[in-house]
Each structure stands twice: as C-alpha cells, then as structure tokens.
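Going down the list, the sequences are from chains D and V. Just so we're aligned, residue 1 is where the first sequence starts under full-length UniProt numbering, counting upward by one. Just so we're aligned, residue 1 is where the second sequence starts under full-length UniProt numbering, counting upward by one.
Derived from the structure by calculation, the hints contain no laboratory data. Be aware that a few hints might be false.
What the hints assert, rightly or not - With a Cα cut of at most 25 Å, we get these calculated SDA-like pairs of lysine to any residue:
#1 6/D to 344/V
#2 91/V to 177/V
#3 316/D to 436/D
#4 467/V to 158/D
#5 473/D to 316/D
#6 56/V to 155/V
Unchecked claim - Taking CB as the label site, the calculated pair distances span:
#7 143/V to 386/D: 45 to 55 Å
#8 297/V to 137/D: 29 to 39 Å
#9 11/V to 167/D: 48 to 58 Å
#10 297/V to 301/D: 20 to 30 Å
#11 77/V to 163/D: 53 to 63 Å
#12 113/V to 53/D: 37 to 47 Å
As the list claims (entries may be wrong) - Among chain D residues calculated to face chain V with C-beta under 7 Å, some are:
#13 128
#14 133
#15 134
#16 135
#17 144
#18 157
#19 160
#20 236
#21 237
#22 433
#23 477
Idealized CB from N, CA, C, for every residue including glycine.
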Amino acid sequence: MVREFKLPDVGEGVAEGEIVSWLVEPGDAVEEDQPVAEVETDKAVVDVPSPVNGSVKEILAEEGEMVPVGNVIITFAVEGEDEDETDTTSQEESTETRTDTATETGPDAGTADEASAETDQDGEMSTADGRVFAAPSARRLAREQGVDITTVEGSGPGGRVSDHDVRAAAESGASGAGGAGGDDGTSGDEVTSAVSDVSGEAGTAGESGGAAASGASAAQASAPSGANRDRTLAAPATRQLAEEAGVDIDDVPTDEERDGEAFVAPEAVEAYAEAQQEAQAADTAAVAAGEAGAQEERIPYRGMRRTIGQQMEASKFTAPHVTHHDEVDVTELVETRGELKEVAAERGISLSYMPFVMKACVAALREFPMVNAMLDEESEEIVQKKYYNVGVATATDAGLMVPVVDDAGNKTLLGLASEMNELVEKARERSIAREEMQGGTFTITNVGAIGGEYATPIVNHPEVAILALGAIKEKPRVVDGEVVPRHVMTVSLSFDHRVLDGAIAAQFTNKVEEYLEHPNRLLLE
Amino acid sequence: MVVGDVTTGTDVLIIGAGPGGYVAAIRAGQLDLDVTLVEKEAYGGTCLNHGCIPSKALISATDVAHDASEAEAMGIHADPAVDLSAMVGWKDEIVDQLTGGVEKLCKANGVNLVEGRAEFAGENTVRVAHSGEGQGSESIEFEHAIVATGSRPIEVPNFEFDGEHIISSRDALALDEVPESLVVVGAGYIGMELSTVFAKLGTDVTIVEMLDSALPAYEDDVARVVKSRAEEFGIDFHFGEAASEWEESGGGITVMTENEDGEIAEFGAEKALVAVGREPVTDTLNLDAVGLEPSEGGFLDTDDRARTDVEHVFAVGDVAGEPMLAHKGMKEGEVATEVIAGEPAALDYQSVPAAVFTDPEIGTVGMTESEAEEAGFSPVVGEMPMQASGRALTLGESEGFVRVVADDDAGFILGAQIVAPEASEMIAEFGLAIEMGATLEDVAATIHTHPTLGEAVMEAVENAQGKAIHTLNR
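So that you can see chain D by itself, here it is in the shape it has in the complex:
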C-alpha cells in the first residue's frame, strides 16, 4: 500500500517550506523517523522524518521547490503490504483513462501514471447531476477527514457512500477536497480520483492537471490548458479565491454541474492555481537555465530575503514613519576613538565608532524613555522598556540581519565592542542563533560604512525608532568665526509617529549628538 506524506507544519505557524535537499531516492529503504529531507523555512532548516518503515516510492517535490504545508512531497511503499498488485492495476487502467481524456487533458494526463480508474470504469460514482448519495453523518465524516466525498466509491446499494467507505478513502489518502484541497492529488489513489472525475466529461483537464503538475517535476510541468467556458457557476467565496489566486474562474476545469451549468468548487480553483504556478515555476527554471538567453535572471524571493521583506513591509505599513535628519561634528570623537583604538587593539579588541554611538544612544534613551519603547497594539498600551538592548544592523551576504547587544546600558565601551564584533561575525557567517537577533529595544544602522550621507531607515518593528549613521567626512565648518575642516557625520532618526512626535525625536537626536560631539561626557555614563 502506498502511504503519502504531506509536508507537516514544521513549527511556528509557517505556511510553506523549501525543500533544501532530499536525503533519499526512490527505491531506498527507509525506517520510521529516518530523516528523508531537509526543509528550510524562513527561520530554520529542519529534518523531515519518514512516518513508516518501507521504501521510497516517489519523490514529488524538487530540491529548491517551495512547498505549502499539507502538500504531498513523497510517497512510501509501506513494508509488508503488497505494492506490485496495486501498481499493475493502476497502470493498466490508467492507460484506458488516458485514452479517453487525452484530447482534453493534453500532456498533463501523461503524468497520471499511477492512476487507477477503477471507480470510473464501473461508473457508479457519477450520478446524473453529480450528486453523491450518502447520509448526512457520512458527509460530515468526510469533511472531518478531509475527504472529498464526490471522489469516494460507495459500497452501498446503488453506490451509496457509507461511513466505512469514507474512512477507507481517508486511510488510502484519497482526499482531494477537504482542507488543503488542491494541494494534493499526487499519490496513486488521489490521481485515481482526479482521473475518474474527468473522464467522460468535456473540458475537464484541470483536476488531472493539478494532480499532474504536482506529481511531475517542476521543470517538466507545463501550464494546464484552461477550460475557457463562457459561464461558470461558483460560490462567491470560490470566485474570490480564484481572484486572489489570479486565475479566471471560466478557465478552471471541472466536471461538476449545477442546473446544467459548469460548477467550480474551491478545491478545483486551488488545484488549477497550483498547477499554473508550478508550470510558471518550470518556465522560470527554463529561463534561468538559459533557454531564453541571459537578459534576465530570476532569483527566488525566499528564505532570508523574504523574511527581511516581510519584516520591512510589516514595519512600513504598520508604523507611520517620519525621519529626522541632522549633522553632528564628531571631530572630538574621531580623536578619542583614534587614541582608544590602539589601547583596545592591545587587548585584542577592534574598536569602531559604533560602541560610542551605542553608548551615546543608551544615555539619550535614558533621558527620553519614550524612544526606548514599543506599541502593544493589542492592548493599546505603549510599553517603555527599562532595559537597553541595542540592535546593530549588519549587512551579510544573505541580507540584512540585526544582532542585538543585550543590556547595553550596563556594559563598558570595550565590552560593547567585543560583544558586538562577535555577534556581527556570527551573523555574517550565518551561525547566529535566532534568539541573538530578538528582544531589541532600539536599533542603529550604519549606512555610511559603504557610503552616503542620509537615509530613511525602516523602524525595526515593534521598536519605535532607528538611528542611521552616515559616513564621517571632513567638511568645512565655522568654529570661533573661522572656517575650518571638521569631521562631520550625518544622522537620520526614523521613528513611529504613532508613539513619538517630531519634537521628542529631535530632542533625542540632539542628546545623542551632544555625546558624540563631546565623547568625554560618556565617561559619566
């Protein structure tokens, strides 16, 4: 017997994961709990274990493919159960089925290799108006089990579907409509259902298309042909679903009818949308492989890049941003740092400007606690933090990361330098733990390290302010009535205007500047 394995919820509410690598191949023997794949979510790489003792039958997702939680990614032949017999039957019957539907389904049907059309052959499942005869209790059970009752072969009089039939279908994995809906359709049993649905009806490529596309490798998939009807019946929520998925409801293949008109269920929309997406992914892969030349390169928006994007989006669209810009004369700071740098180096510590800025910020935060706060939107409270965990935005090869130096208010300059250096290094090596990037109360980003003067940093939500440092440049300044060259640094403070007003932001910035202009005052902090 074939056992499907769906990508489980690997934790923390993630909706999908990337198959980083397969650790097994079709035909490999596996034991229960043996890792079979590595899956990366936006936060971690986890092992996916085999649920059974047996062998790998089919791998249904490519390495590098993003797979929604609940999609079947691999099937196993379960130890001690007769696999061959099932397969033989499936092959024979699928041949007949494909013949029937080839003109409608095109190449997609060809991937339904595992299909068995048993239910279709005797025709008992398809009643005149697509109605399934079953008791309400059996219908509810089907919903509970995530089984599409229209795909269940009834063993009762005239093909009536009983509880037992539903349970048997659930155990064999013949779902199709419940819950994850069109995310399935990849195992032998499921393809059976899909194929049996399409046979004998015109314009019904989609179900098998959906099954096929997820069953085939992405590179081989092609866009399933749309049904292209003039009119389609569907529930409002289904139409909305189609709209959201970017598919035309009239193109969604279906074999269901209501009042003589084609009727599309949400599962069909999901299956079709998924098939389209996978086909597009295949096209993308083909383009990337050079088929269309090197005019464009498409890079998957995933992992770190997407996490950064989501965080930015959440911040930008949640907190009304205002940025306050200023310049600060850091001539004294340059001198001080120059002196201390050598002392620090003797102690094996690289001393940049950042620890000075951190210390200046902490001193200013003590004076303006509202800047060291967050907005608890749910309870509608502003939470002022009495501790100072300062994040330092760090550019890495993988993207922007923000290690957090905890309790910066109680650390010495060298202590801050040492800890920050260590965290930044870990971030660049991607060996940093998630916990080391959490719990910040204020963030500093050094945009000037690469060049540039002003920027509009995005607040590291749910913090309420972020300070961006520009490059330190020599600029002419008037000192005691004379124009002299001075070291000048630009600063940009972005803040959440829901919590902070411009006056406080400016006052806070002034205070930071005061410490940076006169770094010896930091001795008092």
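Got chain D sorted already, so can you dock chain V onto it with the hints?
Frame of chain D; chain V shown alone:
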C-alpha cells in the same frame, strides 16, 4: 465612532433574532463562543411574531370552527361562533410563550442580548441604535458577524400598507374583527393560506393574481387540488389581473386591476390584503462599511459555509436567498456558527422541504419529475391518491395525493410532492429519505403504522416499484 458611544467586543455578533439568528446564537453559546445577539424588535423574528407561528395558530383555530360546522356527514350539527379578538389573544399567548422561550434559551446559553437596530460602522464594528428617544447608541466590535435580518412584505405600487384599508400579512394576523369582505392581492402561498383562514371565518374573499394560476411555484396538479378546495370555501379567483390602484368607497375600498389587454376591473371589499411576496432586509445595514454589496434582489450571496464575500461575515436565513423558509435559516445559522468555531460544517443538504398550510396542505421536498429529468436522472414516479387512504377517509379529508420521484436506475429517492391533510408532517419522511440516500426499497420495506396518513408514503413508494397493494400500479 460617535463621541459618547460605549464600545464593547464580541467574538460573534449576530444581527437579527429570528430563526436563523437565534439558532446561530444558541449554538454559538453551546460552542463557548462569546456571542452577542442584536434584535431591534422581538425575539423570534417574523416567524414567531408575524409569520409561521401566528398564522398556523389561526389556521388551526379556524379549522376547528370550520370542521365543526362542516361535520354533518359525521353526524355532528354545530354552528360555532368565532370571537376573532379572543382567537387572536390566544394566538398572542402562544407567540409570547415562544418568544419568551427563545429569550430564556439565549440567556441560558450565555448569549449577550442587545436591543436596538444594528448597522455596520466598519469592517469589524457595528453601531447599535437603541430605540426610543435619548436611548443612545453603542458600538460593538466583532471578530465575526452573522447577518440574519430576515425579510419584509413587498409593497405593490399604489398599495402602501396603512394597516386599515391596505393590510399586510402581519396586519391580517392581528385583526380583532373578521372582515366581511377581503380582496387578496397575490395567490402565492401566503395569500392562499390567509385567504383560506378568512374564508373559513366567513369572509367573502376575492383573490386577484397577476399570473394565470394559483401557487405558481408548485406543479399544476398540486395547485389545482388546493385551488379547487379554496373555491369550495367560496374564494373567488381572478387571474391575469394586476392590482393597479385603489380608492375608498362607502365603508370599504375598491381595488382596480388591469389585465394584459389594458382592461380595468374593479373589486369592492372592506380591506385589501397585499401578499405578493417578501424581500430581504439588507438596506438598513450600511453594508458598504463592511465591504459588502447585496445582489440585485437585495440578497447576500453566500457559499456553502454561509460565508459572504467578506471572509468574516456570514449571512443566514431570508437575507441569504431563496427559499425564504425558517427551517432553512435555522440550519444555516447552525452551520455559520460551527464554521466560525472551526468545525467542518457545511450546507451540504440535498434538499430543503417546504410546506404550505392551505386546505389541504402541501408538502414538497427535492426534485419534481421534470426537475429530475433535467438533472439527467431517469425518474420513476409513484403516486398514492388520498382517496385510497383509510385514515384520510376517516378524517373526512381525502383530497390530494402523495407522489414520490426516484431514480429508476438505483432507486434513490429524489423528491416528493404531497397535497393532503398533514402533508407538512408527512413530507419529513421523504426529507429524511433523500438525505439518507434511501432507495424506494428502503422506504417500501419499512413498516408504516396503520391506520395513518403516513401509510400513503409507503404506498406511493410501492406504486413506483409496481408493487402497490391498495392502488392500481401505474
């Protein structure tokens, strides 16, 4: 938010305490959801207060009087006197008992009851205006909303309800005197039910109907039995006549109608009862604020989870579309709440039964023969005339029939039409049969009590199988 509003929060906000709304609320309470039910008028909605229950109370009461006066063949000679005011009072007691019961059940299930008229003020907010001057308003924030605002009678142009000359079904159920004469505009089920009530009470009833038959929603032979019986009560039918205007005349009114050829006819009566149908109440809800737009008929489109186009807003009952029947709304209310609670509920019933409380009653469920054909089945039909029912004869009501429609291939029962005494009760068996996927054989092999009207169900099924004992097989 209006300054001075008090804002509260709830998991599930239900607007309307009719059958759809109160059932949803009670189920929500059972599922431990925090639920708030807003009602502007009276618990129980149209059904309990102005529709099903009061009309059936009066139908039963008038049947008692009428049957007694018509029972000479049984050796009973009676001339009952009807005190309509007392009858309406008795009806009101029943209504009070039931509406009070609904309120108690809601409270017992932890439902927060709020009186007032609710309208949406945002995607997750309603504002409830309390009735009465100076009663103020309050805002309620919700996670999910269930719209269950029901329906109201449709007015015919030039026939605005005034409660005196032009009355609605609701007014008719509250009259304290039997009108001498009544023009009923509309021969649908409400017009037919109320016409029968007043005809039995001695009112001279004239029905004007724009279409060319009574009960146009039902098959000809079903409607014919009821119309024929109505004529026996003295009801005068005029088809193809559209009510156009009216005027006061003498102590009563004259209703003018116009036919297809533009010819005018006049019908005099004490009052006119306008019963041409009902329309959903969605125009008072400020649906824009929640991002909803009603369909052309004013309904809210819903999916098989009773969910509207807006993810967190559900609609049940009359506002969710035809058929406008209390029991459909009740089921929708249950499903909407269960979906909100995360249960795998769905509106996947195969049929919605319907009943008309005329004399004789009509009960229907599922497909007619022609509908089954259109759906692609090979229908087989079985009938049992009530004249062959021993129990119907002993009741002195032997008009009508029981008809079953089944799929000839597998014998699955697809529908039934009953026009008979107690058809409203008998139809339930067919409803169960359809939902269970029962075959003709299943029902035929089930022993039915003798002597009952229900035997006719078994006989009709056997007739479809060509095995009927008490009738000639078709």
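Now the hints, each set against the structure:
Taking the CA atoms of residue 6/D and residue 344/V, the gap is about 20 Å. The hint holds against a cut of 25 Å. Of the pairs offered as hints, the one joining residue 91/V and residue 177/V holds, with about 14 Å between alpha carbons and a cut-off of 25 Å not exceeded. With a CA separation close to 23 Å, the supplied pair residue 316/D and residue 436/D stays within the 25 Å bound. Between residue 467/V and residue 158/D the alpha-carbon distance is near 20 Å, which keeps this suggested pair within the 25 Å criterion.
Distance hint between residue 473/D and residue 316/D is unfulfilled; the C-alpha atoms sit about 30 Å from each other, more than 25 Å. Proximity of residue 56/V to residue 155/V is assessed by CA-CA distance (about 23 Å); at most 25 Å being required, the pair is judged to hold. Hint check: residue 143/V to residue 386/D, Cβ distance near 34 Å, so the stated range 45 to 55 Å is violated. Restraint check, residue 297/V to residue 137/D: a C-beta distance of roughly 34 Å satisfies the suggested window 29 to 39 Å.
A hinted range of 48 to 58 Å is violated for the C-beta pair residue 11/V and residue 167/D, which are about 33 Å apart. Restraint check, residue 297/V to residue 301/D: a C-beta distance of roughly 44 Å breaks the suggested window 20 to 30 Å. Here the CB-CB span from residue 77/V to residue 163/D is close to 58 Å, well matched to the stated 53 to 63 Å. In this structure, residue 113/V and residue 53/D break the distance hint of 37 to 47 Å, their C-beta atoms being roughly 58 Å apart.
Among the interface hints, the one on residue 128/D holds; its C-beta lies about 3 Å from the nearest C-beta in chain V, closer than the 7 Å criterion. Among the interface hints, the one on residue 133/D holds; its C-beta lies about 3 Å from the nearest C-beta in chain V, closer than the 7 Å criterion. Proximity of residue 134/D to chain V holds as hinted, the smallest CB-CB distance being about 5 Å (cut-off 7 Å). Here the hint on residue 135/D is kept, as its CB sits about 5 Å from the closest CB of chain V, short of 7 Å.
Taking 7 Å as the C-beta contact cut-off toward chain V, the hint placing residue 144/D at the interface holds, the least distance being around 5 Å. Among the interface hints, the one on residue 157/D holds; its C-beta lies about 6 Å from the nearest C-beta in chain V, closer than the 7 Å criterion. The interface hint given for residue 160/D holds, since its Cβ lies 5 Å from the closest Cβ of chain V, which is under the 7 Å cut-off. The criterion of a C-beta within 7 Å of any C-beta in chain V is met by residue 236/D, whose closest approach is roughly 4 Å, and the hint holds.
At its closest, the beta carbon of residue 237/D sits 4 Å from a beta carbon of chain V; the interface hint therefore holds under the 7 Å criterion. Interface hint at residue 433/D: violated, since its Cβ lies 34 Å from the closest Cβ of chain V, which is beyond the 7 Å cut-off. A cut of 7 Å between beta carbons decides the hint on residue 477/D: the least distance to chain V is about 52 Å, and the hint is violated.
When each numbered hint is compared with the structure, violations occur for hints 5, 7, 9, 10, 12, 22 and 23.
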